[in-house]
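J.: Model the full assembly from the supplied sequences, consistent with the hints where possible.
Line by line, the protein sequences give chains A and B.
Heads up: the first sequence at position 334 corresponds to 334 in this note's numbering, and the numbers run straight through without jumps.
So the mapping is simple: this note's numbering equals the position in the second sequence, first residue as 1, plus 1000.
Hints are computed from structural coordinates only; laboratory data are not their basis.
Below, in silico cross-link-like pairs of lysine to any residue (SDA-like), each with a Cα-Cα straight-line distance of 20 Å or less:
| id | chain 1 | residue 1 | chain 2 | residue 2 |
| --- | --- | --- | --- | --- |
| 1 | A | Lys162 | B | Gly1161 |
| 2 | A | Lys376 | B | Pro1327 |
| 3 | A | Lys153 | B | Ile1227 |
| 4 | A | Lys162 | B | Thr1197 |
| 5 | A | Lys162 | B | Glu1252 |
Over 10 Å on every C-beta distance to chain A, these chain B residues come out as not near it, computed from the model:
| id | residue |
| --- | --- |
| 6 | Leu1091 |
| 7 | Ser1226 |
| 8 | Val1311 |
| 9 | His1341 |
| 10 | Asp1372 |
| 11 | Trp1394 |
| 12 | Lys1411 |
So the derived list for chain B, only partly shown, Cβ under 8 Å to chain A, looks like this:
| id | residue |
| --- | --- |
| 13 | Leu1138 |
| 14 | Ala1146 |
| 15 | Gly1154 |
| 16 | Met1159 |
| 17 | Asn1184 |
Note that the coordinates shown come from a computational prediction; the quantities given were computed from them, not determined experimentally.
Beta carbons are placed, not taken as given, at the ideal position from N, Cα and C, and that holds for glycine.
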Amino acid sequence: MALSQLASSSPSRSVNLLKPLLSAISLHRPISTDTTPITVETSVPFTAHQCEAPSRTVQTNAQELLNFFRDMAVMRRMEIAADSLYKAKLIRGFCHLYDGQEAVAVGMEAALTKKDCIITSYRDHCTFVGRDGTLLEVFAELMGRQAGCSKGKGGSMHFYKKDSNFYGGHGIVGAQVPLGCGLAFAQKYCKDEAVTFALYGDGAANQGQLFEALNISALWNLPAILVCENNHYGMGTAEWRAAKSPAYYKRGDYAPGLKVDGMDALAVKQACAFAKEHALKNGPIILEMDTYRYHGHSMSDPGSTYRTRDEITGVRQERDPIERIRKLILLHDLATEKELKDIEKEVRKEVDDAIAQAKENPVPEPSKLFSDVYAKGLGVESFGADRKEVRATLA
Amino acid sequence: MATSFHGVGAAVAALSSSPSNSFDSKKLLCSPRRSFPVRKGASFVVARSDGSVNFDLNPKARRAQQLIVNAVATKSDSSPASSSSKPGHELLLFEALREGLEEEMDRDPRVCVMGEDVGHYGGSYKVTRGLAEKFGDLRVLDTPIAENSFTGMGIGAAMTGLRPVVEGMNMGFLLLAFNQISNNCGMLHYTSGGQFTIPIVIRGPGGVGRQLGAEHSQRLESYFQSIPGIQMVACSTPYNAKGLMKAAIRSENPVILFEHVLLYNLKERIPDEDYICNLEEAEMVRPGEHVTILTYSRMRYHVMQAAKTLVNKGYDPEVIDIRSLKPFDLHTIGNSVKKTHRVLIVEECMRTGGIGASLTAAVTENFHDYLDAPIMCLSSQDVPTPYAGTLEEWTVVQPAQIVTAVEQLCK
Chain A
1 MALSQLASSS PSRSVNLLKP LLSAISLHRP ISTDTTPITV ETSVPFTAHQ
51 CEAPSRTVQT NAQELLNFFR DMAVMRRMEI AADSLYKAKL IRGFCHLYDG
101 QEAVAVGMEA ALTKKDCIIT SYRDHCTFVG RDGTLLEVFA ELMGRQAGCS
151 KGKGGSMHFY KKDSNFYGGH GIVGAQVPLG CGLAFAQKYC KDEAVTFALY
201 GDGAANQGQL FEALNISALW NLPAILVCEN NHYGMGTAEW RAAKSPAYYK
251 RGDYAPGLKV DGMDALAVKQ ACAFAKEHAL KNGPIILEMD TYRYHGHSMS
301 DPGSTYRTRD EITGVRQERD PIERIRKLIL LHDLATEKEL KDIEKEVRKE
351 VDDAIAQAKE NPVPEPSKLF SDVYAKGLGV ESFGADRKEV RATLA
Chain B
1001 MATSFHGVGA AVAALSSSPS NSFDSKKLLC SPRRSFPVRK GASFVVARSD
1051 GSVNFDLNPK ARRAQQLIVN AVATKSDSSP ASSSSKPGHE LLLFEALREG
1101 LEEEMDRDPR VCVMGEDVGH YGGSYKVTRG LAEKFGDLRV LDTPIAENSF
1151 TGMGIGAAMT GLRPVVEGMN MGFLLLAFNQ ISNNCGMLHY TSGGQFTIPI
1201 VIRGPGGVGR QLGAEHSQRL ESYFQSIPGI QMVACSTPYN AKGLMKAAIR
1251 SENPVILFEH VLLYNLKERI PDEDYICNLE EAEMVRPGEH VTILTYSRMR
1301 YHVMQAAKTL VNKGYDPEVI DIRSLKPFDL HTIGNSVKKT HRVLIVEECM
1351 RTGGIGASLT AAVTENFHDY LDAPIMCLSS QDVPTPYAGT LEEWTVVQPA
1401 QIVTAVEQLC K
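T.: Following this line, the structure appears as structure tokens:
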């Protein structure tokens, strides 16, 4: 419709005069999928170590911004729903929630292709969804059902999606970084022209194996990008109590680093694109994403014994990633308030449907206890507790 | 993959058990299609996804097993005049390992080697000598001294489909990589619901050497044995070293190949043609009637030395080199126990929690009815290996002790 085209492509303020008229006329204006570039400035400039910081000005477009909004809304809703499910004892064990940090996941995806690999630790639900994981796979895995991405045998900390090059999902912090450098090595070996993003937290940043892996990656010039998702608390310990030098982007020493506002999806996108280009030519680079988690470390941690509620609400008011995108969308008039609320309602319904579907899904068969231990069955026998009742062959 | 449950009522998978005295290290095809040992009173079927239940024997592969009766020795056992007329070629164990590795690297471009000093230096035990010149720096990689991370990197590369061979300069150093080996290497296939396979080979020399000191004389097979999802094999002759190396590289499962510091200079004549050894199979070293002696790696030679004495004294021991430390080849072992009814285990691990301890439990549970005497297990002492030569000798099992044990067992 000509009027709506006029409205969405025109950046000027005069459009505001037409707004009430437009919403009256266009009963159903489709959400903008416009790809004309919009230029935005990141919230804060990048801080660089041993390299030239990329520009603060980011190119985006309506489609991308609306996708960001939707994806982050899905992630936020999913994590809140997981919180309720955990309290209802449908999810057991450890459950580490990512709400507040969504911008890192969506911004990274915007800069990468599915040929690039991502590996992270246990706070992996949203990263999995960013890599095209479905909500059903998430909730089924969390509840230990067959339809889960790891068939119910991995749990919250072990989400994997091989066909999208998402390598998990690891419980022991820091161990995923050498794995990630191994992925980068394989990419270089097979001449893939792709990169690996190995994510870790400020807690894991003090693990020795990180520096070992960084050393090897720098020596062998591997396309590895180490991303520190710095949410300032390693479980209950604040970063200044755990690290003598909390400037994680500088700790690579000889490896260049970049500090990024992790609550700004566009800054994350810019930094990741910059890092990808750098790593393909010059080897490893460290990105520090300055982000924040609203929940505690996991569901067994209230999250308020080591930080004040004011701090949490303060960050939520000033730096929330979804709010930032919402303001951008409204500023550039890419959608109305009501449309955004409708998207959120739609997302909520989607999440609820996935949960309902996952609840119906059956738990794994008992015989699955013994499957997938080995890649090729060996005829190894395994016994049940009393050594008589159950005898199965490990497959 | 299929599993089976007790009492299913399906047909029992009868194993074509070959006569025990020619159950030599066959050259089997890589895919381990074997049926299950028939147990007294139990009936269950092993059904595989490929539908086969039988033992597959390569008819071309009957190599007469050479008995190696000397303890750790370097002299060749054939005169120069006759060696040219015999088939095959002679080489030392470390050369056999290298040959296996080189052939696999030629065959599959995804095979690469990572370790300390494996490239330009040629390997601290010369296993990888010449490979860096031939294959280049991207396939034979010198790593810094960072076992935790380069083992992790090997595992990460394996997740994408590469087939790295990670060398620990001494097996003891791999303790630093225990987390990676246990959690990532062993478990990723399971926790990802079967999405990732980890076709990695982790190898290196271990065991008690010649006065190397406590930290360089470790036997890691006892620590790794309970990690689910990995396979462990120990080589002892040039023939099985090459065969196991090749099989391990071709296997889709993560395999830990235990070599021994003192066995690298063993010489043997091995076939020219391509062959592999089955990873889950034990080797019949010397068939016999009176007692089953189960052993592996260096202790095989101590056992064979004791066997000479025992034969002179009138005993007829059956010696089996178990080779596969995880899983145990209970078929071969079981057939032997059913014949001799007496078991002696001779190992280099410590008494507490070693391979011998697990093997004792496995044999007791499965073949208790066939035993005429309690199983005897001779292991190393539960002490750090001392430096002084005489003390070191006393930490490991010596042939004289083996002779005494057999005499006691057969009383």
